[in-house]
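Participant: First to last, the sequence lines map onto chains A and B.
Okay, so the first sequence: first residue is 1 according to this note's numbering, each after it adds one.
Okay, so the second sequence: first residue is 1001 according to this note's numbering, each after it adds one.
No lab work stands behind these hints: they were computed from the structure.
Be aware that one or more of the hints could be misleading.
[Stated by the list, open to error] Dumping the calculated DSS-like pairs for lysine-lysine here, alpha-carbon to alpha-carbon at most 25 Å:
no.	chain 1	residue 1	chain 2	residue 2
1	A	K120	B	K1572
2	B	K1424	A	K116
3	B	K1281	A	K116
Listed below, chain by chain, are the residues.
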Amino acid sequence: MPPGATRLLADQSDRTHQIGSKIKCMCNGCDQAAGKCYHVGGAYSGPCDTAKTMLKEIDTHIAAGLNDQQVLDAMIKQYGPLAYVEPPKSGFGLVAWLMPILYLLAGLTLVVVVMKRWRKRPAAIALAAGANGVHVSPELLARARQQAQRETEE
Amino acid sequence: MDVFGSFALILAFVCAVYAFVGGIAAIITRHPLLIKSARQAGIAVCGLIFTATLSLVYLFFTDNYSVAYVVSHSNRDLSTFFKIAALWSGQEGSLLFWSFLLAIYVVSVLLTYRNKNGELMPYVGVILAGVQLFFLTISNFVASPFKVLGVANAVGNFNLVARADGNGLNPVLQYPEMVIHPPNLYSGYTGFTIPFAFALAALLARYPGEKWIHLTRKWTMIAWCFQTMGILLGAHWAYAVLGWGGYWGWDPVENASLLPWLTGTAFLHSVMMQEKRGMMKVWNVWLVFITFMLCILGTLLTRSGVVSSVHAFAQSSIGNWFVGFLCIVMGVCLAAYFKNKDYLKSENQLDSLVSRESSFLFNNLVLLVACVAVLSGTLFPVFSEWFTGSRISVGAPFFNKVNIPLGLMLMFLTGVGPLLAWRKTSTDSMRRNFQVPLSAGLIGGILLFAVGVREMFSLICFTLCIFVTATIVQEFYRGARVVRVRSGASWLASCVDLTLRNTRRYGGYIVHLGMVMIFIGLAGQAFNKEVEKELPIGSTISIGKYDLLLQSMDQKQEKNYVADRMIVEVMKDQKPVMMLYPERRNFPANQESGTMVAIYSTLKEDLYVVYAGMNPQTNLPTVHAFINPLVKWVWWGGMVVVMGTIVALVPNRAAVVVLARAEAPSGVRELSGMRPAQVTLREGHD
Chain A
1 MPPGATRLLA DQSDRTHQIG SKIKCMCNGC DQAAGKCYHV GGAYSGPCDT AKTMLKEIDT
61 HIAAGLNDQQ VLDAMIKQYG PLAYVEPPKS GFGLVAWLMP ILYLLAGLTL VVVVMKRWRK
121 RPAAIALAAG ANGVHVSPEL LARARQQAQR ETEE
Chain B
1001 MDVFGSFALI LAFVCAVYAF VGGIAAIITR HPLLIKSARQ AGIAVCGLIF TATLSLVYLF
1061 FTDNYSVAYV VSHSNRDLST FFKIAALWSG QEGSLLFWSF LLAIYVVSVL LTYRNKNGEL
1121 MPYVGVILAG VQLFFLTISN FVASPFKVLG VANAVGNFNL VARADGNGLN PVLQYPEMVI
1181 HPPNLYSGYT GFTIPFAFAL AALLARYPGE KWIHLTRKWT MIAWCFQTMG ILLGAHWAYA
1241 VLGWGGYWGW DPVENASLLP WLTGTAFLHS VMMQEKRGMM KVWNVWLVFI TFMLCILGTL
1301 LTRSGVVSSV HAFAQSSIGN WFVGFLCIVM GVCLAAYFKN KDYLKSENQL DSLVSRESSF
1361 LFNNLVLLVA CVAVLSGTLF PVFSEWFTGS RISVGAPFFN KVNIPLGLML MFLTGVGPLL
1421 AWRKTSTDSM RRNFQVPLSA GLIGGILLFA VGVREMFSLI CFTLCIFVTA TIVQEFYRGA
1481 RVVRVRSGAS WLASCVDLTL RNTRRYGGYI VHLGMVMIFI GLAGQAFNKE VEKELPIGST
1541 ISIGKYDLLL QSMDQKQEKN YVADRMIVEV MKDQKPVMML YPERRNFPAN QESGTMVAIY
1601 STLKEDLYVV YAGMNPQTNL PTVHAFINPL VKWVWWGGMV VVMGTIVALV PNRAAVVVLA
1661 RAEAPSGVRE LSGMRPAQVT LREGHD
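Excised from the complex, chain B in its bound form (with noise of 0.2 Å):
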């Protein structure tokens, strides 16, 4: 099965260099067979590298110990589940499964769009085979998944061997969430590749009109949106799994994530500049290149060992690789903008100052200045090494002291931006718009204050976050009213009409409703508290309102490790409420261990307590207990985001319907026919 899936993945290589050279020939000669050939090229390359994944997760289904990356990464008592995480925990695999998903994007796209877009496509398709021919390059020649354990024998060849067992998966991995992060991560990562694509594909082209601004709009969201999934999920994953209490680290590798999600959400939002008002347009094809080009950064910095960071896997010189890859990106952008730079003419000028156009300008600023400035921040020990000969470490209070004053501006924009009006926005309009959040606002923070909020920037946060809510609720009671009045229905069936005519935008205003409960969360971190103790058996330790009484220790032999527990009765106020579990898990496989945290967790806060060990000393248990205030709000509103995106996604009920409602209420059918009128009546109002 090795040979197999090495020859389906050197196969997956040659079909790519077809379809990208095949596909260059067929744009210059435009015949129509060589189009098609290069097409069907590219859904071959998806095919081949489908299959070559699968020979792979094969190989660690059947413990096949003649394979170095399986022997590496799995073991025979690991659980098929974990086996299906063995496939992305290192550094070949991981560049597989990259291809993997890459593979399944590409393949979506040439199958959707075969009969479409006709001019655009074939550019596309070259572009994306070129993408797909770097990391294919990388999986066959640098980094192959498929090599297999040999020693030279005296002939000078190899001679197989084979281990009976494998050395485990690293236990940190294994996790449930570890099979559902990278997968997500991972899709945000390469899914930016399709948006990439479609916009330089247009740019090449010279391709009229506006359809590629919303291929590349629909395309974003879809990868934006694994992305925030991809990235809460790492955070939750090292909440409930590392043990030290937080999600964030401002590790390299966390920040690499989230550069594309910045210029990404950027990108998403100066979109609208484009569609509405055919603005800013030189910008956001740099927003598309930039956010493609940070994935590949992201991966660079994580590979090639630039940056230090506890996720880098070994360091190897395939970092070199990406950098080429990159520089080649650049140039490619940068060529096809200076030929085509009248091709982005913008069509329109600013009207006025206080619009929503220029709190669209002040959104793209501070996404941008966060995304520089984390950037730089994560790059700045290598700046210092040049300039001064040695390493300043940059870690998490530079970060945070950075972010948070950017972070808060961006929720202020995002309060302001819906009320402000496209064009221009007059007095009245502001006082009206503005009163009710604003006050709202004000009144919140006011009251926090005076019940003994004094953390000033989780104040400030609060205030913004109660300002931002009542703007998203103020827009949906001003919609529904309106539906309401005509249609009669319930409050809620009159928000649920609302959203679903106009997806867009009351899909954006429920993602920033998951973004207020994020950062509500993230305020909350203000006000942790955590202690750690040696406890005897039987004892006690207190905190917060919570008295923790260490009842006895066990020990749980599993398939794959064996887990020394702690049984921890929650007390509260007197009353038992609940029992953690708190555990330490030993692999014998690979001689590591593991935590696992109990967290009891509430909306109002998280108890989080650790097994920190045993004082070889003292022969005694440490528990390191936590209360993390409001930590919940940052997983509930990462979902309410995804459902945002989601809705956001879904095409608008077609504007026929309300037509139709208005002035031939039995017409639906009919009125059909009228479809081209939404060619002309911009998509949404927003």
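Chain A extracted, bound-state conformation (with noise of 0.2 Å):
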């Protein structure tokens, strides 16, 4: 992903695409920001329409003399939650950057539950050759285990 602001267009400012990568382009084909919209399957890569429409509306806020914050706010209002490059850190947004956190918690809580318990069991009920049911003469057994021991040696 290339972090920053992109300058698509010669006559928007720097600032357009600060905050332009903050919004989504709302053209419904492209999962992008507006400020690097490149179309997916458009016309070509570059900014669709959409994104250049964004990008003008953003222009014309700027041009109110709103602040950064207030331009992403009026934005939002406008085209709705779905604009969101990520979701905010507030509202119902907020269950979507904790949910990951509760997550690796409950996992977390697991894994110890499940440490305790396996510690607690009673002593393994060992797979010993025997068991399986397939003889094994003791000279191939101490010959499999020298071959352990040497594999193993530092």
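From these two lone chains plus the hints, build me the complex, please.
Facilitator: Okay, here's the thing in structure tokens:
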């Protein structure tokens, strides 16, 4: 992912693209930010018309003297929450951010519980060679042990 | 041929019904002839699916424009090579292609094990027939690829009409990689059916012994290998064709392909717990089940229009079929599990927290958390619509923020795991094992910091990569040293010998090495640069150390498209390095166009040049150039991963040879009688 802003059109400022990369292109064809739209399968790689329109709207907002956050808010108000590139860290969007943390905690708890239970488990019913019903001569077993020792020696 | 194809398809359906119902009857009655006939019906299903698929390919090759699917996805000027790709470029064809690949797996399984695993195979056959039955139902009754074009006449019948030419194949698909990426990815998806069938069959049949887990692991590795290749080829295609400078955009379809890969990876690790220590049986069985269900879910997500995606085919009711199938699969898995839960009883206890076992637990934890996080992120827009009434979209920045830390944890475990012993690791051996890799990682990290690498995540990633590489090198060194002392061979020969003796362990290390390379490539993204400019002919733009001189523009008439080309000379430090020809292709058949990115790729960085189009106002061509550091490492890493997986699939060179060398140098043949010994020696010692 190319980070930071992308200059798409010569007549638009870096600031427009900074903001544009935080707003999703609403063409419904790409999943990219308006400031980064390279419409997949579109006419050619480059901002699609929707992205260009959105960037121009950002220009208008900037010209009206709004600060970055206000421009973002105005764009979200206009296009709805589907225009977020990443969920907002407030309201229901916060759930999206909390989910992975919750999974990790739940998983960790599970691992800890499992480990505790495993440690309490009664001694192993060892998978002794004899248990498989295969007869092994003591000579061969000794040889195998020797080999194992050789291969694991430092 | 369209009638022939649809007849083969309906016959395949009938045979699948027989293989399924007859198979169940065979399991109940245990009548040998019934078992045999169900198996042969299963083989016939595959043969008929092959026939149907080849009929469709034939229709493409012979430009039969009376068939709707051919009209929508091909045209006369399309090269034969891409006519093959047209087979899976739409919904109907790709579902048939899905059945086709599944049939290859099924027929291999049915034939390979026809005289083996007697108690298990009838169950496997029934499960596979069940899955095939589902896809054949779709291909026959919901999305038939053999529908013909027709117009209703006065009597109410249909008159066939044939078009003179087709609409052509989507230009973004007209690239060689599009001919190999989908088959690979689909082979991954379909391949996970086989381990699923073995695991479910073993559970249903209460199949004794560990054989089924070996089979499940082997087939998971095959599917996993294809899935890895498929994902990376898709990424490379996106990189080389779409022209946005990246290769992974966290699109729902990309995410869907990653989900079974993550659970499959988790299984390939935790299965060792079962093989070596008889632990985690329940977990493993469920991992296999979930991997298969995620494959179906992935198809559901991309076909149903539940989430919007650049890959999604036209929305259709087909999603409901997949929901139904998913519910049935889940129901069967749950029923089988609760009925035969005691079959999966664990045999061992955990001896120590600092052990290989616990490192696998954490590995599985991270992989599963990543999987669930990606899944819920992908579905979050749907959740938010349910709860708040409006969709909140979740884009790439979210997935990057969540998955980068998880990826780094995983890389850390990749380094730590192999250094911990099974059961218990003493403080002494910890010190011995960790000393070198840990110091290497730390020194490397400090050096990178000193030369000015300041991006935190990249710096951590590089440090971990050095640590993991040192771990792997140390493992090979220690093993090879022992071999060398005994055989006196060179280091390289000793490493090869060592690898062949325990292909799983050392093949696995090669896979880890490949993953390290991929991670290096991913971390390189933090240093991407780009520039875009309208460029009059004869002028230059600079990016990084390169100057790009637009020498001229030309036009190239090809059979199926017209290409507008930029002729760009690349100069580095005022010296010409090479020529690049970024293109825009216009396809008259469907009035669409596509890009062809020109890339000058080195291990250090890619110079990536896109012809972004002509500005209609100024009539000047626009160049979009990127410097993408270390991208090549991703592709090379992918190749190493695949190589490692293939090594791990090769059977171990028999341990008997080692015994022979130590005890009776010339008696290899005599000792072959001792093969039963291998039954008691657990495979490998990883």
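Participant: Are the hints correct? Go through all of them and say.
Facilitator: Here is how each hint holds up against the structure:
1. K120/A with K1572/B: Not satisfied, since the Cα-Cα distance of roughly 66 Å exceeds 25 Å.
2. K1424/B with K116/A: Holds, because 15 Å separates the two Cα atoms, which is no more than 25 Å.
3. K1281/B with K116/A: Between K1281/B and K116/A the Cα gap is close to 17 Å, so the pair holds against 25 Å.
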